[in-house]
Amino acid sequence: MTMTLGNSCAAFNDEEVAELRAIAKNYREASGPVVKLSNMLGNKIESALSKVPEGWQAAVAQATDIALRTS
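Heads up: take any position in the sequence shown, counting from 1, add 550, and you land on this note's numbering.
Hints may be right or wrong, so weigh each one.
To be verified - Computed cross-link-like contacts, DSS-like style, restricted to lysine-lysine with a CA-CA straight-line distance of at most 27 Å:
#	residue 1	residue 2
1	K575	K601
2	K586	K601
3	K575	K586
Stated by the list, open to error - Taking CB as the label site, the calculated pair distances span:
#	residue 1	residue 2	range
4	D564	K594	34 to 42 Å
5	A568	E604	34 to 42 Å
6	D564	K601	39 to 47 Å
7	L618	M590	28 to 36 Å
8	S621	L587	18 to 26 Å
9	Q612	S581	31 to 39 Å
10	A609	E566	14 to 22 Å
11	N589	A617	15 to 23 Å
12	R571	K601	21 to 29 Å
13	K575	G605	21 to 29 Å
14	V585	D615	20 to 28 Å
15	E579	S621	22 to 30 Å
16	L618	K575	17 to 25 Å
No lab work stands behind these hints: they were computed from the structure. It should be emphasised that the depicted structure is a prediction, and the values quoted were computed from it without experimental measurement. Ideal Cβ positions, reconstructed from N, Cα and C, are used throughout, including at glycine.
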């Protein structure tokens, strides 16, 4: 399956685009129970976060970003 990137990846260099393509390929090929569970949990978390007041959404997003960058 060939994917057209359009302008969505213009900020990435060729090496980064290749890495993103490899990650996407691995994700598409991984259909095991762990991935399905992860997707289900992620959807539930996103749904719960959509109910958080606007001001708190930014705070949660910032805390999540910091946590991911320091892990």
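List in ascending order the numbers of the hints, as given earlier, that are violated by the structure.
-> 1, 7, 10, 12 and 13
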